[in-house]
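K.L.:
Residue-level listing of the chains:
2 protein chains.
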Amino acid sequence: MIEDKDMVVRDEVRKMKLVAPLVAALSNETRCAALSKIAEKLVEKQSEIFAENKKDLEYAEQAGVAAPIVKRLKFDEGKLRDVVAGINQLITLEDPIGKVTLDRELDEGLRLTRVTCPIGVIGVIFEARPDALVQISSLCIRSGNCPVLKGGKETTYTNRILFGIIYDAVKEAGFPDGCMLQVEQHNEIDELLTCDGLVDLLIPRGSNAFVRYIMDNTHIPVMGHADGVCHIYVDSKADIEKAISIIIDAKTQYTAACNAVETLLIQRDDVLKKNFIPRLITALAENGIKLRGTKEVTDLVDAYYENESKDGSLDYESVDESDFKEYLALIVSAKFVDNVDEAIDHINLHGSHHTDAIITEDDATAERFMQLVDSAGVYQNCSTRFADGFRYGFGAEVGISTSKIHARGPVGLEGLVTYKYKLVGKGQIVGDYATGKSAFHFKDL
Amino acid sequence: MIEDKDMVVRDEVRKMKLVAPLVAALSNETRCAALSKIAEKLVEKQSEIFAENKKDLEYAEQAGVAAPIVKRLKFDEGKLRDVVAGINQLITLEDPIGKVTLDRELDEGLRLTRVTCPIGVIGVIFEARPDALVQISSLCIRSGNCPVLKGGKETTYTNRILFGIIYDAVKEAGFPDGCMLQVEQHNEIDELLTCDGLVDLLIPRGSNAFVRYIMDNTHIPVMGHADGVCHIYVDSKADIEKAISIIIDAKTQYTAACNAVETLLIQRDDVLKKNFIPRLITALAENGIKLRGTKEVTDLVDAYYENESKDGSLDYESVDESDFKEYLALIVSAKFVDNVDEAIDHINLHGSHHTDAIITEDDATAERFMQLVDSAGVYQNCSTRFADGFRYGFGAEVGISTSKIHARGPVGLEGLVTYKYKLVGKGQIVGDYATGKSAFHFKDL
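Residue numbers (our numbering), protein chains in the order written: chain C, 1 to 445; chain V, 1001 to 1445.
Pulled out of the complex, with its shape left as it was, chain C reads as follows:
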């Protein structure tokens, strides 16, 4: 299905390294015009795109790919509408490039400015979702970065035509040759990993094992998350109906997502045991969610079923809390904690610093939780599934970062920007400041 290609990634990336500053210097107008042109051409060429996408879908069906995955491969009118809307939203956002974030006179005639600029060459390795290619490219173009794109092989035909359309559009808008690169072979990922000094940032999207592989095999900085173990803490002051509705949404609305809930922490409170646990048991059972609880939790389930019908009963098992993990499936862990502080410590030690929620009507407890939980997202009374660039109003995201370095949480335009310091003088030398002949006066302008 994929044709052989020479191993030329390094050469191409080396050229891109010199093109990147030219792209960084393009005006906001040029970058926005490129995006408009992309949106225009995608609509214009939709039947060709759909035809290429059909090849990928047929190939996937022949290969016996599971139906839910085939659905993600599809690029239809709905997906086209969504990506075009995303591009148009990106155009309306404030330019992230060229912002002066510091303007300081160090001394008479010696002026320091700090100006935001693109990161440069960004390698993005993403799952087989054609809309992801458009979103990631658009974010890079809006922020003046040069992307090296490697999509999932199941959408090779679709990726190829989408990339061609986007590349043609940006060149028509005035972008230089070599400002974008698509690689198609899996072994080219390994070649890309050796390009430290040329590639400024890698953004891998995919399984934990894949992200870990990338991190372990390159000297290039990597932005990404390897885990999404999200918690919901149900406080004794929780509104029980909100708690149930949020837990079910956070577990079932998109089970395979990194922001789906994996662990429930429940305050050890008699009222919750009496009123919340039975509601939780029936809600989990109704939604086909398996419960892996500590013995204290499953004893309550046992007690519940002593009095209740076992029809449509809950699938549950007793496990040690050291066995709690990321399921990405209709399974949830649960344990009791004494109070919000025990919940906080559990999350900070065992969580993945992604997104964690408290359900409580007590705002002081919520504030304590949100202050002390050390995660990219800390929520009160809403679903962990809200952790997403679109839902935060960022237009799109290149990924969600659980690192605390650089970008945290959903990463939109701001995460694709760095800065440089510019210093303009009249011949000043440091020796004069060291000897006291001159002195700094640090005036912010």
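Keep in mind the hints are simulated off the structure, nothing from the lab.
Please read these numbers as outputs of a predicted model, since none were measured by experiment.
Be aware that one or more of the hints could be misleading.
Claimed, not checked - Listed below are the simulated EDC-like cross-link pairs for lysine to aspartate or glutamate, each with C-alpha atoms no more than 20 Å apart in a straight line: (1) V/Lys1099 <-> C/Glu342; (2) V/Lys1015 <-> V/Glu1184; (3) C/Lys426 <-> V/Glu1048; (4) C/Lys99 <-> C/Glu29; (5) V/Lys1426 <-> C/Asp363; (6) V/Lys1242 <-> C/Glu108; (7) V/Lys1437 <-> C/Asp388; (8) V/Lys1015 <-> C/Asp345; (9) C/Lys443 <-> V/Glu1094; (10) V/Lys1443 <-> C/Asp95; (11) C/Lys99 <-> V/Glu1367; (12) C/Lys426 <-> V/Asp1388; (13) V/Lys1443 <-> C/Glu94; (14) C/Lys437 <-> V/Glu1241; (15) C/Lys426 <-> V/Glu1012; (16) V/Lys1015 <-> C/Glu361; (17) C/Lys426 <-> V/Asp1239; (18) C/Lys443 <-> V/Glu1414; (19) C/Lys273 <-> C/Asp216; (20) C/Lys153 <-> C/Asp131; (21) C/Lys443 <-> V/Asp1095; (22) V/Lys1426 <-> C/Asp239; (23) V/Lys1437 <-> C/Asp82; (24) C/Lys237 <-> C/Asp338; (25) V/Lys1426 <-> C/Glu361; (26) V/Lys1426 <-> C/Asp345; (27) V/Lys1171 <-> V/Glu1012; (28) C/Lys242 <-> V/Asp1432; (29) V/Lys1325 <-> C/Asp196; (30) C/Lys437 <-> V/Asp1082; (31) C/Lys290 <-> C/Asp270; (32) C/Lys426 <-> V/Glu1094; (33) C/Lys443 <-> V/Asp1388; (34) C/Lys325 <-> V/Asp1196; (35) C/Lys437 <-> V/Asp1388.
Given the structure of chain C, go ahead and fit chain V onto it with the hints provided.
P.N.:
Frame of chain C, contents of chain V only:
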């Protein structure tokens, strides 16, 4: 000299992980009060500090440590005055923590805020300079972070008393137990490197080989630079006297610094060849700087000495430009380039993205250079030695970053800060937005 200690770093750091959120929640007043108390106690206990420092100095002299290094180990009244001034400057800086950088209503009753917060647990491994311990600790305290400090072994006694004074001061000010940690054994560095998931960031300071060793042997994010190959480009429109004075300062003012110049790029221009090269030859010779130039450069030196006295002549050799490197010594590389664009490409491909300067009176050329050179610092008509946290008015620095991710250039308080997203709702679930029952309205507040 150093006593044996159990390998307990991991246990201590694990405790610190749970203490870090409490430190992050301390008020600006408490953090500033801690700094004032440190300054006060350092002055109060100065004779004890100097006595401990004397032990380190005596030990170094017995061990035959070179005089310039012994000088760096010294902690005297001048150094004390400097660190106290640095602490007092830090107190006056704006609080970097708790800044709301986004406040957005996603929908009625669903409010997203982004708030700056400390990074958490930061491991800093630094050279044998007692003032570095005070500066790094102060930056961490001001920004609400918990430092794990490993200083050079040559200042063990001084570090120990300084750490003790600082730790007592912050605890008196209301910081919790375990908010700071000092490790003394070299093998404890390796233990620290295994603490991914507990330590949020490592900042190694030291040789290229050392920083590279750290990067290659940990999964913890590392902030630092491995190289400082700084360039000065002398444009045909340069003021020659400024050029000479800046080059000499950038090479000699502190030769071992990462912001010292290593490579000169000179425009291939007849006037420069005639007027600048002879001035450069004599200035380099006068300052004992060896020139490693391409043949085109050394041919001009040869020609010069055909007519001039060889007394006090320049030490020079002809080398291939692929042999240019970081010297950290009184040696400088030089080559000719056709124009600013060739200089830019050379710097972007061969530089270390640290600090690079252009010497020119032509502001348009300077602007092009500063736009297109992809370095943390891009300078016009001043010495590369200005790249420093103090000289930028940051109060202090924990290091200089040549990475474009997170922090770039001299890293002060802002580089020790991350953010979290807080989302407060009334029971909202994502399912309602997916089905269209609810819709986002994204109002910035």
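K.L.:
Evaluate each hint against the coordinates.
P.N.:
How the hints compare with the structure:
1. V/Lys1099 <-> C/Glu342: 27 Å, violated
2. V/Lys1015 <-> V/Glu1184: 18 Å, holds
3. C/Lys426 <-> V/Glu1048: 45 Å, violated
4. C/Lys99 <-> C/Glu29: Within the cut-off at roughly 15 Å; holds.
5. V/Lys1426 <-> C/Asp363: 12 Å, holds
6. V/Lys1242 <-> C/Glu108: 16 Å, holds
7. V/Lys1437 <-> C/Asp388: 19 Å, holds
8. V/Lys1015 <-> C/Asp345: The hint holds at about 10 Å.
9. C/Lys443 <-> V/Glu1094: Answer holds: C/Lys443 to V/Glu1094 is near 15 Å, not above 20 Å.
10. V/Lys1443 <-> C/Asp95: Holds, at about 19 Å.
11. C/Lys99 <-> V/Glu1367: 16 Å, holds
12. C/Lys426 <-> V/Asp1388: Satisfied, since the Cα-Cα distance of roughly 18 Å is no more than 20 Å.
13. V/Lys1443 <-> C/Glu94: At roughly 15 Å apart (the allowed maximum being 20 Å), C/Glu94 and V/Lys1443 satisfy the hint.
14. C/Lys437 <-> V/Glu1241: Distance ~18 Å between C/Lys437 and V/Glu1241 Cα, so the pair holds.
15. C/Lys426 <-> V/Glu1012: 51 Å, violated
16. V/Lys1015 <-> C/Glu361: 31 Å, violated
17. C/Lys426 <-> V/Asp1239: This hinted pair holds, its Cα atoms lying about 10 Å apart.
18. C/Lys443 <-> V/Glu1414: Satisfied, since the Cα-Cα distance of roughly 19 Å is no more than 20 Å.
19. C/Lys273 <-> C/Asp216: Violated. C/Lys273 to C/Asp216 sits at ~45 Å, over the 20 Å cutoff.
20. C/Lys153 <-> C/Asp131: 14 Å, holds
21. C/Lys443 <-> V/Asp1095: 18 Å, holds
22. V/Lys1426 <-> C/Asp239: 10 Å, holds
23. V/Lys1437 <-> C/Asp82: 18 Å, holds
24. C/Lys237 <-> C/Asp338: Judged against 20 Å, a Cα distance of about 13 Å means the pair holds.
25. V/Lys1426 <-> C/Glu361: Holds, because 9 Å separates the two Cα atoms, which is no more than 20 Å.
26. V/Lys1426 <-> C/Asp345: Not satisfied, since the Cα-Cα distance of roughly 25 Å exceeds 20 Å.
27. V/Lys1171 <-> V/Glu1012: 17 Å, holds
28. C/Lys242 <-> V/Asp1432: Given that 20 Å is the threshold and the Cα spacing comes to 13 Å, the pair holds.
29. V/Lys1325 <-> C/Asp196: 18 Å, holds
30. C/Lys437 <-> V/Asp1082: Given pair C/Lys437, V/Asp1082 holds - Cα atoms ~18 Å apart, limit 20 Å.
31. C/Lys290 <-> C/Asp270: This hinted pair is violated, its Cα atoms lying about 24 Å apart.
32. C/Lys426 <-> V/Glu1094: 30 Å, violated
33. C/Lys443 <-> V/Asp1388: 17 Å, holds
34. C/Lys325 <-> V/Asp1196: The hint holds at about 18 Å.
35. C/Lys437 <-> V/Asp1388: With a Cα-Cα distance of about 19 Å, the restraint between C/Lys437 and V/Asp1388 holds, given a limit of 20 Å.
In this structure, the hints that do not hold are numbers 1, 3, 15, 16, 19, 26, 31 and 32, in rising order.
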